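Peer 1: The lines below spell out each chain.
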Amino acid sequence: MAATQSFEQAANSNLAADEILHVDNLRKHFGGVKALDGVSFSLRRGEVHALVGENGAGKSTLIKILSGVFPYDSGTVTLDGAPYRPASPRDAKAHGVQVVHQEFNLLNHLSVAENISIEAMPKTRFGLLDSAEMNRRARAALDAIGLRDVDVRSSVQKLGIAYRQLVEIARALQSESRILILDEPTATLTERETERLFDIVGKIKSKGVTVVFVSHHLEEVFGICDRVTVFRSGETIATENIADTKPQDVVRHMVGRELAAEMEQAENHKVGDVALSLRNFRVAQSPHAEGVSLDIRYGEIVGIAGLVGAGRTELLRGIFGAEPIVSGTIERDGVAVQFSGPRDAIASGISFVTEDRKDEGLILDMPIAANVSLASMKRVSTNGFLRPANERKLAEEAGANLRLKYGKITDPVASLSGGNQQKVVLAKWLIRNPKVLILDEPTRGVDVGAKAEIYAILKRLAQDGVALLVVSSEMPELMTLADRVVVLANHQIRGELPRAEFSQEKILKLAYGQENQGGKR
Amino acid sequence: MTTNVTKQDVGPESGLSMRNVIHKAGISVALLGLIIFFSVFTEHFLTPNNITNILTQITINLVLAVGVTFVILIGGIDLSVGSVMAFAAVVAGKAMTLPDIGTFEAIAIAAFAAVIAGTICGFMNGVVSAYWGLPSFIITLGMLNIARGAALHVSNAQTIYSFPAAFNAFGSAMVFGVPLVFVVALCLVFLAWFVLTKTVFGRLLYGIGNNEEAVRLAGHPVFWYKVAAFTICGLTAGVAAIVYMARLNIASPIAGIGFELNAIAAVIIGGTSLSGGRGSVIGTLLGAFIIGVLANGLILLGLNDFMRQMITGVVIIIAVILDYYRAKYAAK
Amino acid sequence: MKFLKMAAIAATSLTLLGSAAHAADDKPVVGLVMKSLANEFFQNMLEGAKAHEAKRGDYELRAVGMQNETDIETQINAVENFITQGVDAIVVAPADSRAMVPPLKRAKEAGIVVVNFDVALDTKAKEENDVELAFVGPDNREGAKMAGDALAKKIGKGGKVVIVEGNPGADNAQQRKLGFDDAVEAGELELLDSRTAHWETEEANTVFSNMLTAHPDIEGVMAANDSMAIGVVKALESAGRTDIQVVGFDNVPAVGPMIKDGRLLATVDQFGQEMAANAIDMALEVVRGGPELEGWVKTPIKLVTAE
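In order, the protein sequences belong to chains A, B and C.
Residue 1 is where the first sequence starts when you use my numbering, and the numbers rise one by one after that.
Residue 522 is where the second sequence starts when you use my numbering, and the numbers rise one by one after that.
Residue 854 is where the third sequence starts when you use my numbering, and the numbers rise one by one after that.
By construction, these hints were calculated from the structure, which means they are not laboratory data.
All values derive from a computational prediction rather than experimental measurement.
Treat each hint with caution, since some may be false.
[As the list claims (entries may be wrong)] With a straight-line cut-off of 35 angstroms between C-alpha atoms, the simulated DSBU-like cross-links for lysine-lysine are: (1) B:Lys719 to A:Lys435; (2) A:Lys378 to B:Lys719; (3) B:Lys615 to A:Lys393; (4) A:Lys358 to B:Lys615; (5) A:Lys405 to B:Lys615; (6) C:Lys1155 to B:Lys615; (7) C:Lys1113 to B:Lys615; (8) B:Lys615 to C:Lys961; (9) B:Lys615 to C:Lys908; (10) A:Lys408 to B:Lys719.
[Stated by the list, open to error] Label pairs and their computed distance ranges (CB to CB): (11) B:Val550 to A:Asp37: 50 to 60 angstroms; (12) B:Ser560 to C:Arg959: 36 to 46 angstroms; (13) A:Phe30 to B:Val550: 56 to 66 angstroms; (14) B:Pro569 to C:Pro1106: 33 to 43 angstroms; (15) C:Thr976 to B:Gly698: 30 to 40 angstroms; (16) B:Gly670 to C:Thr976: 20 to 30 angstroms; (17) B:Gly698 to A:Asp356: 32 to 42 angstroms; (18) A:Asp295 to B:Leu782: 37 to 47 angstroms; (19) C:Lys1013 to B:Thr624: 34 to 44 angstroms; (20) C:Arg959 to B:Ile572: 50 to 60 angstroms; (21) B:Trp653 to A:Asp359: 19 to 29 angstroms; (22) C:Glu1160 to B:Gly698: 31 to 41 angstroms; (23) C:Asn921 to B:Gly834: 20 to 30 angstroms.
Ideal Cβ positions, reconstructed from N, Cα and C, are used throughout, including at glycine.
Next comes chain A alone, as it looks inside the complex (with noise of 0.2 angstroms):
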């Protein structure tokens, strides 16, 4: 893999020799707010460079400078030895520094060809559009970066967003590029369109271009990059060798405590009785008879892969009550139960952390207090009155023992960032004490800090006994929390890996059936 190479070059590299730009104590203010509070790194030629950090970190507005969107306040940035202070975005063109941001600027109704030559659209004697060089311009430029099988003619319109993105890139390249950019690359891809993009960003690189990678996902970090640069409130933390670092190292820069020891220090826990069994358990959209079986012990946290559709969601809903059930029985501590819906499940010592919480886990115009109060409302009420200030103790409690981060517990909730949002549904069921929690993508959208955090009070609870059911879509998560983790596909469970098993690789392979339990190869 490119990865390996990397390692190796970035070991290997002349330190100063190499520096193509180098940022010192750069500041930016807008109005009292500090975006960028002393920021230094320094980029090398032909590396792949990650930035990294929470959500207004100083990520952006560095791209934003570095691409003449912003002038800065102090600091110095300089660019191959001389001073750079680009005064427009088409400055920073001119001395070859090229951004591709996460929303794309293509125009979607011409050709990609038109697209890529945008800039300076080439002209015959006459004055006329010259097509003919405007197509071959493009050809070229997606050749060099190995898109063979775009046609230049086609609209962008026609492709898909992974394509857009790599016309993006070409697009930037075809001028002669010294830094790429790429903000967020990787945000509305695909697993394999990802790779895609990596292979070019290898492409990219072994031409002597450096790139810069803005990402939230360590695991591509770790994956392509040769460096990280750590942002946590607009200062740079540290900038590391990928080969001489760990995840957890790069978190702890990033949240600036020791989340991932708290982590590892809540491994190993018992496993005890049976939670919950299903038995060929079948929601409507199954297609199969058969259904799923499966049991989840107190104690134990089991992962559910899966690629999208695979039935994942549609199971834990039914088994929450809240999906029609066609056949198939539950146990809850060995009895058969009916659910007919979410308010059975939710007496029987079951909560479902849903997967959208704008749509189904918060309501967000209301209260903190309110929406963590949502599933308990006997607690907060007498006779059906509400009882404000029992709410109101009731979910400070709740957020400190989550490190909730808040104004006022009457905020509404909409004012919290997404991993506090997160931690508010969490809170809603926590309260409830539930035997058995199953959770849908428990950390989409959240940052990297707030994912760590929520990581340890799910181990924490299973340490506690609570049995998890945790569906994600994201394999370090799982990898990273399960005791064992189920593969699912077309609404069958196609295997099933124990810890020590854990790989990437396998769960994709059950994931896509290639490796059919006792199937055909």
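Please build the complex by placing chains B and C on the supplied structure of chain A, with the hints as guidance.
Peer 2: Chains B and C only, in chain A's frame:
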């Protein structure tokens, strides 16, 4: 623009807290402005008699709007309240004019009949729209026709009259210069306010209006809460029917045509969001006042009917635009 | 009752079976096109017509009503369906005095006797369409003037009055307003204000209360129908004013007690119940070979007071 402020753009706040206080203040200011304007430019606006008139005149709309507030809060709409009121009125009118019955019994049966008739209509609205998950706009449009037809059928399209004097007296009775019927309406407003803000039921209605699925997944019987909101709306239409009869001493099967739109206007002017989940019944009270003051003041001003209608429309639109900005500023 | 109404609607919908219009015993068929049956006045009129049919027994009545006062399309459809069915006569109370002219012209051309009652068709529209259609009906303007005159007589010259009008744009509302205006002029009254309450009791109550606030010196009120007069009377009761005289129009049952105890000075009876029946009689005369009707055949109107 990205800065290192981690906090997201603060969304609209709760129906129960700050935003609404600011909001209510806004509506009050608009109402106060209207009152000052009419006091300055008309001779009789601020006289005790005229104030009594306004209070009497807004009562029916207020009672209807209180019920409609419940339905709009859960993200529904009720177009049937005017017709349901007429139906409840003729049922009550029939009951009140039953032969060989004592005055008190007649009034009691009639009042009961009105409330029950309204409640049944509301219940049906709720059950049908909630069970099949159908848009309440259409279901209540159907009920608008059903109830109107039923009112005409029951009364054979005849206006019912000659009610007991004691009942008619209730319609014109005064408590310290305030019409008794308005006091009844005010009690209803208070009751609704209490239910919406101080009870689990009210809390969950707001919740349903904001995010029905979240409330359902929290284990609450959303279906019955929705039915209850519509039922309450029908019930208030029944109460409005009693007020109508007491005030006019007739029960007309063609009463209340278009009242639903006035009631909805009062609710929306009062700052309740048409998409549900946000608003308050206190806002509705102020909204009803704005509509009533406007109708009264413009006549005192001597404006002709057509101008009056146009200005009322303009004011409704302005109120909603103001609300938009208030919500925006409140969010900052 | 309702069955008949439904049957009538069903009958008119069966246009394809229109040829079967002539009943087995070959009685002449009269199509009656009414306005809103939600309106007491037309409801009573329809019942009068049905009683009339039963009493005479020598013709078949098919009646169609509308959902509301402005549902012009239903009326036009009804006329067209009657033409298809080949009825002998169409007796119509038009919802719109212009829009109804062309379909009625077609009916006449199809050899159907057409009698227009209640509201007169627009003269100009008739001229433009080059068709002569007789009108059988009361003189609303004259009726309103009678009520207005009674009021003028009671409160005397210089008395201050207001008018509560019907739906703006409705022909009878306009005629009654003109009649009130005539009475104001003839009685040398002073007209303070004139506003619509859309024929409706509650609105009349509200609108009049506000007019009374603006003009506490009102001495008389002319309401264009009795429903609105009831609202005015209630407003006066609430305001504790017994010194203001009210006149209405239509003589609906609900105002009976008010006339008796003087809360309502006068109303006008245009014998609505018989109006349709009279028009049917006239139409049948023509069907039987009588002379064509021409111009305006006025029907009786009567001032109703306590005496």
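Peer 1: Run every hint past the structure and note whether it holds.
Peer 2: A quick look at each hint next to the structure:
no., hint, in the structure
1, B:Lys719 to A:Lys435, "holds, 31 angstroms"
2, A:Lys378 to B:Lys719, "holds, 14 angstroms"
3, B:Lys615 to A:Lys393, "violated, 55 angstroms"
4, A:Lys358 to B:Lys615, "violated, 51 angstroms"
5, A:Lys405 to B:Lys615, "violated, 63 angstroms"
6, C:Lys1155 to B:Lys615, "holds, 31 angstroms"
7, C:Lys1113 to B:Lys615, "holds, 23 angstroms"
8, B:Lys615 to C:Lys961, "violated, 45 angstroms"
9, B:Lys615 to C:Lys908, "holds, 30 angstroms"
10, A:Lys408 to B:Lys719, "holds, 20 angstroms"
11, B:Val550 to A:Asp37: 50 to 60 angstroms, "violated, 42 angstroms"
12, B:Ser560 to C:Arg959: 36 to 46 angstroms, "violated, 59 angstroms"
13, A:Phe30 to B:Val550: 56 to 66 angstroms, "violated, 34 angstroms"
14, B:Pro569 to C:Pro1106: 33 to 43 angstroms, "holds, 36 angstroms"
15, C:Thr976 to B:Gly698: 30 to 40 angstroms, "violated, 54 angstroms"
16, B:Gly670 to C:Thr976: 20 to 30 angstroms, "violated, 37 angstroms"
17, B:Gly698 to A:Asp356: 32 to 42 angstroms, "violated, 55 angstroms"
18, A:Asp295 to B:Leu782: 37 to 47 angstroms, "violated, 59 angstroms"
19, C:Lys1013 to B:Thr624: 34 to 44 angstroms, "holds, 39 angstroms"
20, C:Arg959 to B:Ile572: 50 to 60 angstroms, "holds, 58 angstroms"
21, B:Trp653 to A:Asp359: 19 to 29 angstroms, "holds, 21 angstroms"
22, C:Glu1160 to B:Gly698: 31 to 41 angstroms, "holds, 39 angstroms"
23, C:Asn921 to B:Gly834: 20 to 30 angstroms, "holds, 22 angstroms"
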